[in-house]
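Colleague: Place chain B on chain Z using the hints.
Those sequence lines, one after another, are chains Z and B. Residues in the first sequence are numbered from 1 upward in steps of one, following the UniProt record's numbering. Residues in the second sequence are numbered from 1 upward in steps of one, following the UniProt record's numbering.
Honestly, the hints are just simulated from the structure, not real lab data. Using N, Cα and C, we set each Cβ at its ideal position, and we do this for glycine too. Don't take each hint at face value.
A short list of chain B residues far from chain Z (calculated; beta carbon distances all over 12 angstroms) [as the list claims (entries may be wrong)]: (1) V34; (2) E80; (3) T90; (4) N94; (5) A193; (6) M246; (7) L295; (8) S306.
Here are the in silico distance ranges between beta carbons for each label pair [said to hold, decoys possible]: (9) Z:E126 - B:K17: 49 to 57 angstroms; (10) Z:S129 - B:I280: 33 to 41 angstroms; (11) Z:A241 - B:E76: 56 to 64 angstroms; (12) B:V249 - Z:G300: 23 to 31 angstroms; (13) Z:S129 - B:E76: 44 to 52 angstroms; (14) B:P260 - Z:S290: 18 to 26 angstroms; (15) B:M245 - Z:E331: 31 to 39 angstroms; (16) Z:G260 - B:R276: 41 to 49 angstroms; (17) B:P260 - Z:G300: 31 to 39 angstroms; (18) B:R276 - Z:C285: 54 to 62 angstroms; (19) B:K17 - Z:E116: 54 to 62 angstroms; (20) Z:A328 - B:Q75: 36 to 44 angstroms; (21) B:E215 - Z:G260: 18 to 26 angstroms; (22) Z:D72 - B:P185: 56 to 64 angstroms.
Below, a sample of chain Z positions facing chain B; criterion: calculated Cβ distance under 8 angstroms [unchecked claim]: (23) T237; (24) D247; (25) T249; (26) A256; (27) P283.
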Amino acid sequence: MADRIEAGVEYVWDEVREGEDGTLCIDEITAQTHTRVRKRHALAPQLGPCKRGMIRHVYLVVDLSQDMDDDDLKPNRLTCTVHNLIDFVHSFFHENPISDMGVIVMREGVARVICELNGNKDVLVEHLSALLHPKTPLFPAGEASLQNALAVARRSLRSIPSHATREVVIVQATLASCDPGNILDTIKSLRSDKVTVNVVGLAAAVRICETVCKETGGIHAVALDEDHLGELLLALTTPPAAPADADATQMRLGFAAYEGRRPTVRRQKDGQLGITTGGYVCPQCRAKVSDIPQRCTTCGLMLVSSPHLAKTFHHMFPLPVFKEVTLAAAEWCAGCTQPLPTTLPAYECPSCGARVCLDCDVYVHRELHNCPGCPVTADSWTQHNTDQQRQQHT
Amino acid sequence: MSSLFVLIVDLHPARWKQLSEDASLDEAMNQICVFLNAQLSVHVSNTIAVIGAAPKKSMFLYPSAVKMPSPDDRQELFSEMNATILANATKLFNEQSGERHPSDLAGALSKALCFINRTVRGTSLQPQHTTASSSVTSRFIAGDKATPASSSSSSSSSAPKAAGRDRVSSGARVTPRIGVVSVSPDSSVEYFAAMNCIFAAQKNDVPIDVCAMGEEAAILQQAAHLTNGTYVKVHHPSQLLQSLMMGFVTSSDAHVLVRPVQRRINFDASCFCHGRTVDIGYVCTVCLSVYCERLASCRICGAEFSDKPGA
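The following block holds chain Z by itself, in its conformation from the complex (with noise of 0.2 angstroms):
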């Protein structure tokens, strides 16, 4: 927020101006605005194949006090907020596919939970969106308080298997905290539990959210505008690398098959019963059930798909880091076919030598996971797990 308060009277206009062809475009691209996006879009650092947290518990805690209604952040804190965090789960299940997120509310002085921990996008999107109904009940108001709400956090994350893990997301407007007690026991308790902590402010770095996130092994973090609110939040999508000591066990797991056509009654997520023609059917019982992954509501099985394990193995196989490359000659775009002029830097896969532009570079790093250059068959880093991938999944 500072930077735009220094900044004075911003006149978004004058950045406008007409293309060529007609459009609206805001400035024109440089190697410098190159550098700030793959900057931006962390292309640099590599965690390279390690083992990571694939099963995640998250309490998100949303503050709800009144500095919820500042309007720093456009349109106001509680709206920004609350759209980035419903990208937040969005991207969190499309990550982390078997895992659970719950929803904890900090107003008036208290913590409440207001979505337990479960593992279906669509409830928190739901309670998460209606904070913003006009007659809500939760209406920002009072003050927020962090230690209690980490303690309510806890005393649910604490009863999780240890092969999982327990974290808390806390956006946090306010700059102070009403606590009933010493929050440093709480911090202690944390770190007992192995709950981590994480913190993204919208206002600014506070001392005790620091203390907490550095005990817990946590980030801490501030948004400086809106677009940086959803990096932070969704630079926290990906699994947290696993300590070394992490429990293991091995999970009973249905992979349950898709059955388009025989119409079945089965048992809605809402617990009423309805009828359907398309579902997954339990490999235990041979109930049905409506998505996975979810329990069996019938026998209680974990029912997911073999694709859903294998979204997370791009986690502990990342595409390497593509060299930027200056051209002699104007060429092609390896995966988009735009024109890639000798202006701009230009990215390179290190496996395949294709070159691709920008907007490309930042797609399959991000998104995609897939070099569009390289050949699978010669692919190395791909093939060595290729063997492992075909004996798993068929």
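Modeller: Leaving out everything else, chain B in the frame of chain Z:
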């Protein structure tokens, strides 16, 4: 509502020969061209791209990297497009005719997604749940940050287009789709890469429609299911045009006809220890590898399993 349709054609020489004695690639490509012309005729601002997936190599057949004059007449444009696609397809087909490797389907899907990302980003590829107001304000406030909207529009103004028809007016809403005409069975080699593509498509709301000829393609079957696309099995190449027209000519939300339903899709995994297909397995909580029995330690990541059984 206009659509951007990217068609991936599997050009595996050996499979095409195996498929049918009397079916030639030319005949099938002609049918595909008829379908693409129909696709363009449905809406005046519909755009298409065609990618060929040959063994170990995939490339754009249309729009081709070589700059083409863009004729004003639509009829002329169609004939020129057909000629380009046929010429490029035949060239790629003959180039790779000696190869026995599986087709580079994952590479083709990656290219298609990159193309869609570049062409559509900033107009409609934002996830549906993002509100218009927040995305608009953030785009304008972040003036110096080359958001996808600004980068795509200024790159289109600064450099000439590679092809005439891939321009999408940035105000209109464009729905991207991918179509796959497949003749090969699954290749396990590219399972990993193909799955990455499928998840990216799923995340970007890009449906993958599949038309499988010859053998069933389990990966593509899952692709269609996961991305909310249509999977059609074609038994003979002569039925290709009919299936394409019935299944794919309109976007999935505008289907007047009932879409073909997949009867059963197996999501079974096979275990690491014996290679058996299992429907109930034991999964390592650290690396998510699948076993058919309880073990003392994971054979892939080496993690020691504690005694008490998991969830």
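Colleague: Hints first: check each against the structure and report whether it holds.
Modeller: Verification of the supplied hints:
The Cβ of V34 of chain B sits about 24 angstroms from the closest Cβ of chain Z, beyond the 12 angstroms cut-off, so the non-interface label holds. With a least CB separation of 18 angstroms from chain Z, E80 of chain B remains clear of the 12 angstroms interface cut-off, as annotated. The beta carbon of T90 of chain B is kept farther than 12 angstroms from every beta carbon of chain Z, the shortest such distance being approximately 20 angstroms. The Cβ of N94 of chain B sits about 18 angstroms from the closest Cβ of chain Z, beyond the 12 angstroms cut-off, so the non-interface label holds.
Once the 12 angstroms rule is applied to beta carbons, A193 of chain B is inconsistent with being away from chain Z; the minimum gap is 5 angstroms. With a closest Cβ-Cβ approach of about 18 angstroms to chain Z, M246 of chain B is found to remain outside the 12 angstroms limit, as its non-interface label requires. With a least beta-carbon separation of about 7 angstroms from chain Z, L295 of chain B fails to lie farther than 12 angstroms from that chain, contradicting its non-interface assignment. Interface exclusion of S306 of chain B from chain Z breaks down, the closest Cβ pair being 5 angstroms apart, not more than 12 angstroms.
Roughly 54 angstroms separates the CB atoms of E126 of chain Z and K17 of chain B, a value that falls within the hinted 49 to 57 angstroms. Taking the beta carbon of each, S129 of chain Z and I280 of chain B are about 36 angstroms apart, inside 33 to 41 angstroms as hinted. Evaluation of the 56 to 64 angstroms hint for A241 of chain Z and E76 of chain B yields a pass: the beta carbon distance comes to about 58 angstroms. At roughly 45 angstroms, the beta-carbon separation of V249 of chain B and G300 of chain Z lies outside the given 23 to 31 angstroms, and the hint is violated.
The hinted range of 44 to 52 angstroms is satisfied by S129 of chain Z and E76 of chain B, whose Cβ atoms lie roughly 50 angstroms apart. For P260 of chain B and S290 of chain Z, the Cβ-Cβ distance of about 21 angstroms falls inside the hinted range of 18 to 26 angstroms, so the restraint holds. About 37 angstroms separates the C-beta atoms of M245 of chain B and E331 of chain Z, a value consistent with the hinted range of 31 to 39 angstroms. Between G260 of chain Z and R276 of chain B the beta carbon distance is about 26 angstroms. The supplied range of 41 to 49 angstroms is therefore violated.
Between P260 of chain B and G300 of chain Z the C-beta distance comes to about 34 angstroms, which sits within the given range of 31 to 39 angstroms. Between R276 of chain B and C285 of chain Z the CB atoms are about 21 angstroms apart, so this pair departs from the stated range of 54 to 62 angstroms. For the hinted restraint 54 to 62 angstroms between K17 of chain B and E116 of chain Z, the CB-CB distance of approximately 59 angstroms keeps it satisfied. For the hinted restraint 36 to 44 angstroms between A328 of chain Z and Q75 of chain B, the CB-CB distance of approximately 41 angstroms keeps it satisfied.
Look at E215 of chain B against G260 of chain Z: about 20 angstroms separates their beta carbons, and that is inside 18 to 26 angstroms. Between D72 of chain Z and P185 of chain B the Cβ separation comes to about 57 angstroms, which falls inside the hinted range of 56 to 64 angstroms. The beta carbon of T237 of chain Z is not positioned within 8 angstroms of any beta carbon in chain B (closest approach about 11 angstroms), and the interface hint is therefore violated. Look at D247 of chain Z: its Cβ gets to within about 5 angstroms of chain B, closer than 8 angstroms, so that hint holds up.
The interface hint given for T249 of chain Z is met, as the beta carbon of that residue sits about 4 angstroms from the closest beta carbon of chain B, less than 8 angstroms. Satisfaction of the interface hint for A256 of chain Z is found here, the shortest Cβ-Cβ separation to chain B being roughly 6 angstroms, below the 8 angstroms cut-off. Because the beta carbon of P283 of chain Z sits about 4 angstroms from the nearest beta carbon in chain B, less than 8 angstroms, this interface hint is met.
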